[in-house]
Amino acid sequence: MRIAPRPPQDGSILLLTLLTSVIIGITLAAYLEMVNAQARTVYRSQTWNAGIPAAEAGIEEALAHLNTVGDGTRATNGWSLSGTNVTLSRTLDTQSRYEVTISTSSPPVVVATGYMKAPLSTNEIARTVRVTTTKTGTGFRGIVAKGGIELVGNISMNSFDSTDPAYSTNGRYDSSKTKDNGFVGSIESSITGGGGIVYGSVGTGPRGSASSAGTVGDASWHAGGNSGIQSGHYSNDLNLSFPDVSAPAGPYLTPTGGTVTITNFDYTTSAITTNVYPSGFTNTVTTNYGLYTSSTYPSPAPAGTVTTNTTPDSSTTHPDAASPAVPYLGAVTTRTATEGMGSMATTVTYYDYNKITGYTYETVTYTYNATSTNTTTTTETYAYVLDTDSYSLSSLSLSGQSKMLVRGNAILYITGTSGEVFSMTGQSEIIILPGASLTVYCGGDAKLAGNGVQNGTGNALNYQFKGLPTCTSIQLGGNASFTGVIYAPSAYLQAGGGGNDQYDCVGAAIVGSAKFNGHFSFHYDEMLGNQGGATQWNIASWNEM
Amino acid sequence: MTLMEVLVSTGIGGVVLAAVAGLSFYTARSFCALANYEELDRLSRNALDQMTYKIRQADGMTSYTNNTIAFSLWGTNTLQYVYSPDARTLTEILGATRTVLLEECDSFTVDIFARNPVSGSFDQFPVTNDLATAKLIRVSWTCSRTILNQKVNTESVQSAKIVIRKQ
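These protein sequences, in sequence, are chains A and B. Heads up: the first sequence at position 253 corresponds to 253 in the working numbering, and the numbers run straight through without jumps. Heads up: the second sequence at position 27 corresponds to 27 in the working numbering, and the numbers run straight through without jumps.
Okay, chain B solo, but in the shape it has when bound:
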């Protein structure tokens, strides 16, 4: 094998190896992002199902701050959802039971709406700050993870409107 042959084969081999390495890197990164997305989406969906299940049958909303919403549930129980910006968690507190619904949660917002006052119209809910008239609760949040120090969101926002049936 001549020197020329060694140099050419080494060059071609290097290019091939670089291509394989690059492909492997981005494939692994993509796979990791997809897996993260799937897991965060599953956790968000589970959190949403848990919240809708309980808020839908709440007796009414009892308090509301930037990071905490509370409801009376099943007569004597208090249902709270507490967002901790420092810990990046959303925790459900039902009586003495605490359940962390979301981790790696970057933001959590709540909007309150009253009953539709316009007859003959649908999906029209005026914003209210009066807890006594709170009929529809809109919750929104964003979760994210990092891959190689780069933040990848689950989706832009998870959001849902929940109608309190008993109000």
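Isolated chain A, as found in the complex:
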């Protein structure tokens, strides 16, 4: 076979074609590499940013753990002790995970590291966040239950503010000074029953409902005769954590009874007006100015001008010669006049003068309120007398006329855990004197009837009922009045007035679940919103390491 020789131009064309192809190929490769690098850096940036949500998921779990275990050991529920920390690792998905440590100190420090799979690599990208914590109280918010709340009958809920005289009288609930910030909330369930008359709002968790709560809204909503829930007065994002109650620290005394004489002070306030400025008086003194007229010259002489009031008068007797002498101002003019005619005519002498009728002058008086104290004493025998100390009983049953007197800041721990360990029936009472307080830790069920707790302080925080996890039932009823707060996260609270009896409760409650029946009025003291309730750990500072 004969191969014909190619002309030399053909080689140049081939070379040029190859060179062009190489240039185009390199260009395309550079394009692709640049796009690839761009995609990798974008992906890496996204991964780096996604590390923060992963780390914060760890912080969320750490805070939930802290608020669940309360003051108990933190090395539980999958958290393991490592030196002075407890740690937990959790894989979120194939691309992300986090590791969290909580210091065992108080307040705890949480360090969370979020790990994300690096793009096109087996390495991980880590971001670490350190938060310090602080313990804050959620405060009490009307009636809040972990579970469901039934409002059957006529269950009224409103609010007042014991710290504001405009919305309370002497710090106590006054039906003429109410507010409309009451609250009924169910965290994990719903509000049902249809009998609620809530001057305020209701709330549930995301899975709950309050459509059968009753009539809920502000004062104008109720005044307008509306029904149902006013717009903006229901939310489904209620999310609170209620740690269990732990037993109070001992040692404990066993309470005993005795006869006690109580001095009662009745204070009566009255307004007093005087023309002498009260000395040594710190209350408000009102100065009154006015004109005063008297028939005699004021003595002592007032500071201002004294005006003499006169009227022209005429007499045949000189005013000085009259008996008694007639007071006059200025000169006495003697005047003669002929009276009668002919031989009967006589000359009569008259004295004309300005007779003084009185004196007018400016007066200054002072008005102030003075309080008088009326002291009485009563002597009575009490089944238990509590002072400032910690006491314990296996159970407490007050019946008949039995009374408990609290005259200090007392803690009472009822240690029994089985059945009804705290019972008040008949005419029994717990009397908390002004300046005193009582905190009851109840290990079992409670029935509070009788005459209830006479919280003489008027401050709901001065009577606190705390139910331990074994306290599963609380009954409020009878003639009992209640001014206090209930914190019993595991208890089923049943409350209501029988027949036409109106049962009034002042304060706030946090319970496991609740049923209110009959005629029941709950008056939430807004002062409690800033105090007490469930204390929980919250973030104090947030820093990326």
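Incorrect hints may appear among the rest.
Stated by the list, open to error - Across the chosen pairs, the derived CB separations fall in these ranges: (1) B:Thr10 to A:Ala39: 52 to 58 Å; (2) B:Thr10 to A:Leu28: 29 to 35 Å; (3) A:Ser209 to B:Ala87: 55 to 61 Å; (4) B:Ser107 to A:Tyr31: 28 to 34 Å.
Simulated from the structure, these hints should not be mistaken for lab results. For every residue, glycine included, the Cβ atom is placed at its ideal position computed from N, Cα and C.
Take the given structure of chain A and dock chain B to it, following the hints.
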């Protein structure tokens, strides 16, 4: 080779060369634009990561003008972001350290929002001018370069919302 053949081959060659030249020109221009886009995007992304990292953990916002925002950071430090329209730069000033985050920056805007006041709703932040209640900061900017005196933007706008964790 006849004159006709020379003329035809020259014509065809010219058309081919013109096509190659045009292709090369637009390819180079496109390549340059793409490279610019990639670089500006990378710089913007880096600036955004730097800003989010620091603003997120700021103690709070301390001042706000059209071209400057300032925060208190880590207790005693002052963190500032200063936009210079003349120099077309965005500079981060942390204490005595100045870092130019963005160059060739045509615009820079900041919006301040307060905490979400509506329960049960998400991503609802009311606009505020009160620094004490500033919870969310939205920053936006535009960068551009020119190729053969024609302005080519990186993208229309780079924007991010940053939540101050400590507020």
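Hints and how they fare:
1. B:Thr10 to A:Ala39: 52 to 58 Å: About 46 Å separates the Cβ atoms of B:Thr10 and A:Ala39, which means 52 to 58 Å is violated.
2. B:Thr10 to A:Leu28: 29 to 35 Å: 31 Å, holds
3. A:Ser209 to B:Ala87: 55 to 61 Å: 59 Å, holds
4. B:Ser107 to A:Tyr31: 28 to 34 Å: 30 Å, holds
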